[in-house]
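*Asks:* full-length UniProt numbering numbers the first residue of the sequence shown as 1 and each following residue consecutively.
Heads up, some of the hints might be wrong.
Label-pair ranges, simulated between beta-carbon atoms [said to hold, decoys possible]: (1) K54 with A167: 32 to 42 Å; (2) S148 with G48: 40 to 50 Å; (3) D195 with F87: 11 to 21 Å; (4) I194 with E100: 31 to 41 Å; (5) G213 with D70: 30 to 40 Å; (6) G130 with D51: 43 to 53 Å; (7) N227 with I194: 15 to 25 Å; (8) A193 with D51: 44 to 54 Å.
In short, the hints are calculated from the structure, not lab data.
The beta-carbon is built from N, C-alpha and C at its ideal position, and this holds for glycine as well.
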Amino acid sequence: MTKHQKRLSVPKSWPVERKTDVFTVKAGAGPHGKEGVPLVVLLRDVLGYVDSKKEARYALSEDAILINGDPINDEQRPIGMFDIVAFPGREEYYRVFPDEGGRLALTEIDEDAAESRLGKIAGKQQVPGGDTQLTLHDGTNVLVEDGSEYNTSDSVVVDNDDKSIVAHFPFEEGALVTAVSGNHGGKIGEIDAIDITPGSGPNTVGVSTDDDGFETIQEYVVVIDENFTGDDE
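Required output: the full structure, derived from the provided sequences and hints.
*Replies:* Right, dumping it as structure tokens:
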């Protein structure tokens with residue numbers, strides 16, 4: 001298996017220039033699957049805090065960087081949508097949020113907002129003992145005693161300390177959403193309509209925005225709270 005990643009073939013969501021060099025850093029194993037951006041790419045190409053993997057390793061060895069509240073020691077750890085990137089020593093906190101075109105960008109937030117993260121429910125199942133396991137968009141799991149109120153495509157806010165759910169946003173008409181992929185990536189609006197497609201085709205949603213509106217598939221939108229758009233910062 002190759003240890004390198006060609007810039008021309010990285011996912012569209014990666015915040016890297018594709019024609020400056022042939023290769024970039026390959027993401028390691030972890031959350032977000034192939035869409036995950038190596039942490040060193042954010043540190044080097046987006047924030048400009050390091051110039052090399054060696055400098056990134058040094059910063060990580062000092063427990064200077066937290067992802068979703070946990071210290072990270074792997075510069076290739078995948079970072080993705082709605083992760084919280086914190087630099088306590090600098091008193092800087094960021095949320096990974098899709099920009100125009102669906103490219104991942106860092107939205108600066110305050111310390112209180114960095115104590116929790118948003119997750120889209122990708123699946124749920126009952127586990128031995130009767131609890132319900134919710135699988136989030138990044139592959140992480142959250143256990144709840146009663147899963148009846150949660151459905152796939154809903155969003156939850158998870159506390160970074162005890163991993164409990166502190167807020168729940170249902171996927172329904174009137175919900176505030178952001179498009180995270182497709183031609184409308186980065187746009188924010190409210191769901192006007194949810195169209196259930198018979199058979200195996202994807203469901204579609206109509207979204208109204210300040211400008212006009214758009215239609216996309218259900219998979220491409222995530223329910224958010226207004227506090228997660230960065231407008232209140």
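*Asks:* All the hints need checking, so say for each whether the structure fits it.
*Replies:* Status of the hints after comparison with the structure:
1. K54 with A167: 32 to 42 Å: Once the Cβ atoms are compared, 40 Å apart, the range 32 to 42 Å for A167 and K54 holds.
2. S148 with G48: 40 to 50 Å: holds, 47 Å
3. D195 with F87: 11 to 21 Å: Distance hint for D195, F87 is violated at roughly 43 Å.
4. I194 with E100: 31 to 41 Å: Since the Cβ atoms of I194 and E100 sit about 24 Å apart, the hinted range of 31 to 41 Å is violated.
5. G213 with D70: 30 to 40 Å: holds, 39 Å
6. G130 with D51: 43 to 53 Å: holds, 52 Å
7. N227 with I194: 15 to 25 Å: holds, 24 Å
8. A193 with D51: 44 to 54 Å: Holds: the Cβ-Cβ distance is about 49 Å, inside 44 to 54 Å.
The structure does not agree with the numbered hints 3 and 4 stated previously, though it agrees with the rest.
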